[in-house]
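Each residue of the sequence shown is one higher than the one before, counting from 3 in the working numbering.
Rather than coming from a laboratory, the hints here were simulated on the basis of the structure. Incorrect hints may appear among the rest.
As a list, the in silico DSS-like pairs of lysine-lysine whose alpha-carbon atoms are at most 25 Å apart [what the hints assert, rightly or not]:
| hint | residue 1 | residue 2 |
| --- | --- | --- |
| 1 | Lys503 | Lys594 |
| 2 | Lys594 | Lys531 |
| 3 | Lys642 | Lys503 |
Computed spacing ranges between beta-carbons, pair by pair [as the list claims (entries may be wrong)]:
| hint | residue 1 | residue 2 | range |
| --- | --- | --- | --- |
| 4 | Gly164 | Asp97 | 35 to 45 Å |
| 5 | Ser324 | Gly570 | 55 to 65 Å |
| 6 | Leu507 | Thr319 | 25 to 35 Å |
| 7 | Asp532 | Trp300 | 22 to 32 Å |
In this text, a Cβ means the ideal position worked out from N, Cα and C, and glycines have one as well.
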Amino acid sequence: MSFLKSDRDPRDRGEFTSGGTPAGDTHAAQTQAGYSQAALTQAPPTQATSASDKPTERVVPSRPPTAATIASAIAGGDLLDLAVGTMLGKYRIEDRLGLGGMGVVYRAVDTRLDRTVALKLMKPELAREKGFRERFLREARAAARINDPHVVTIHDVDEVNGLLYMAFEFVPGGDLSVRIRRDGPLNADEALHVLIGCARGLMAIHRAGLVHRDIKPQNIFIDAQGRAKLGDLGLARSSSGDDRMTVTGAQMGTPAYMSPEQAAGAADVDIRADIHALGGTLYMLLTGQPPYAGPTMWAVVNQVMDLDSPAPDPRTTRHDLSETISKLAMRALSKRREDRHQTPEELIADLQQALGESTQATPGTVLLGGNAALERSAQVRASLKIAKKPAPQSPTAAPARSRMALLIGSLVGLIAVIGLAGYVLGGGGGNAGSVQPASDGGRSDPPVAGAGNPGATGPAAPTKAAQPAAIVPPVAPGAQARPVWAAAVGTDAQGTWADLKVGDLTQRWRRIPAGTFTMGSPLSENGRKDDEIVHPVTISKDFWMADSEVTQALWQAVMDSNPSQFTGDLNRPVENVSWVDCLQFIKALNVKAPGLDATFPSEAQWEYACRAGTIGAHTGEPAAVAWFESTSGAQTHPVKAKSPNPWGLYDMHGNVWEWCADWEGDTGTSAQQDPVGPSGGANRILRGGSWLEPAKKCRSANRSGDYPGNRSHDQGLRLAAPAR
């Protein structure tokens, strides 16, 4: 591989922050931002429309800040329009995320912990008012009482130079209102799954003895794993009403989602007001419109408080909705709270029933079992179809199992649960077969089968449609089918996992569900190459994939050597290994772990697992999921230091290139099932990019290759294995 990267554009490498300062140049960023009035007063930041957009220009202050300058800026409220690089205590401002009635929210970096946060700043004029100050601090206290994956986590609250701020979890996916404005209403399955996540968050809020009182799409966020998270607890108060504060106007909540009792100022507002708000949110997700609208706030409030008028029916706007979904939304939106769902658990039960019925009406999802499916997600229905039997012609002819099916979709994906929690998809991949190195360095080795396609010797013939995956009888609820090689198995938010023990080391594996996805990239994707032709690919069988690249520690435990250039931490990925070296490692590992039958992933398996249902260039913000050229510091990093993809796989983007089983060649343009590439060639496929590459070369669809006998300090491997 050539390491002369003369063709790169710095803007493609992500080297610049939105302020035009090289990433990592802390001194330059701080100098640029300063605290002078010139730096603190500027136009609101604009969002880039593509990776090639030029950085926003910022004014560099000509003199250092003074206490008087800072105090003047605070008094004038200019700190609510901060320059990139401005330091507030230990936080460095990166970008403005939103502006509200109480203040502004920035994306910032905690420079002590090197953690990205959302920094909520209270308007200085409001901070001086006791009532508003109490409300701001109440949000911090309320959020700090809750520890749940469906509620945004608070990290810190403090005051600097009279400016009150709160630091909380940064959720890169943004809020639902942004998604709706951009893409329009969600499909019914996505909307229902989002509501399930919200209701789970509401359960945690309820357990903490709180009522949120301001649930709406703007306060619901979607994280990298596809989980819905409730945020902005500024109006939250004790369900007993002991900490009630009298507020008016906008501080009462958002009228379009507010329950009649909350709008009337009732002292006994309880969790059913939040259920009403979730009903309004569901209405918005399904129709793209709030449940109530009017020319003024009070016109909306009057509609909300009119107890004689029924709750709005979403089918008047969205005609394709089922009666079940319509009734569910209207029940949650009932004007009288005794007619609504009485608890979040009751709402979740109805949502899951609606999803079950939707499964029969909507073909195309990934079949997966276990409680984790309720938490897991992929990105868009079109990106991840289902290999399942077609729905019966007549509803009455549907088998009992189909009638019980629960389709669990989300903003970043769609997953179905067949029957009760604990049902699993059958049809594990068979033995992938052993692979032997050729005497000439790999040019003539026998074809390597993918973990889900034993014995394959070349691309599968194009198919007109995905073949249905076999569904075996369900495993008893809570039971786990443990592979013979696994020391432990379980499920979590990303799905099913199994741990392999090699001496004192543990390598976690993730079970990847069978399904169909779109391989390749669209013409509009930045960095796209001509060999990334878009075409549907079916992975017909589940398979296992290691959740991290092979570490130096694991390599050393198996091979009693460490060929890596970057040493000092055995949790770094092994590198400086050829495809042939990796083949020898795999053979030795299989001796130490009988029944594992580890192999290289096929290229199709690799991209399918990398995408995990997503359809973008990366599975998250590149800096959050990858070590690449402008974030790596010109070296590898310990595995699992970045965020995983929705299926629990770390470092699929960046860190080191990962060898695949396939010979390098065209991927084809038509539908394929379990493709394994050409039957021979000069180079083996490499995927994922590395610490040395720009972000555009760490994309899900980016392809590369190298001679099987070559070694490089940015090439390693990740293991796959059949699922039985």
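Going down the list of hints, with the structure as the test:
{"no.": "1", "hint": "Lys503 / Lys594", "verdict": "holds (10 Å)"}
{"no.": "2", "hint": "Lys594 / Lys531", "verdict": "violated (40 Å)"}
{"no.": "3", "hint": "Lys642 / Lys503", "verdict": "holds (18 Å)"}
{"no.": "4", "hint": "Gly164 / Asp97: 35 to 45 Å", "verdict": "violated (23 Å)"}
{"no.": "5", "hint": "Ser324 / Gly570: 55 to 65 Å", "verdict": "holds (58 Å)"}
{"no.": "6", "hint": "Leu507 / Thr319: 25 to 35 Å", "verdict": "violated (56 Å)"}
{"no.": "7", "hint": "Asp532 / Trp300: 22 to 32 Å", "verdict": "violated (59 Å)"}
The structure fails to meet hints 2, 4, 6, 7 from the earlier list, while all remaining hints are met.
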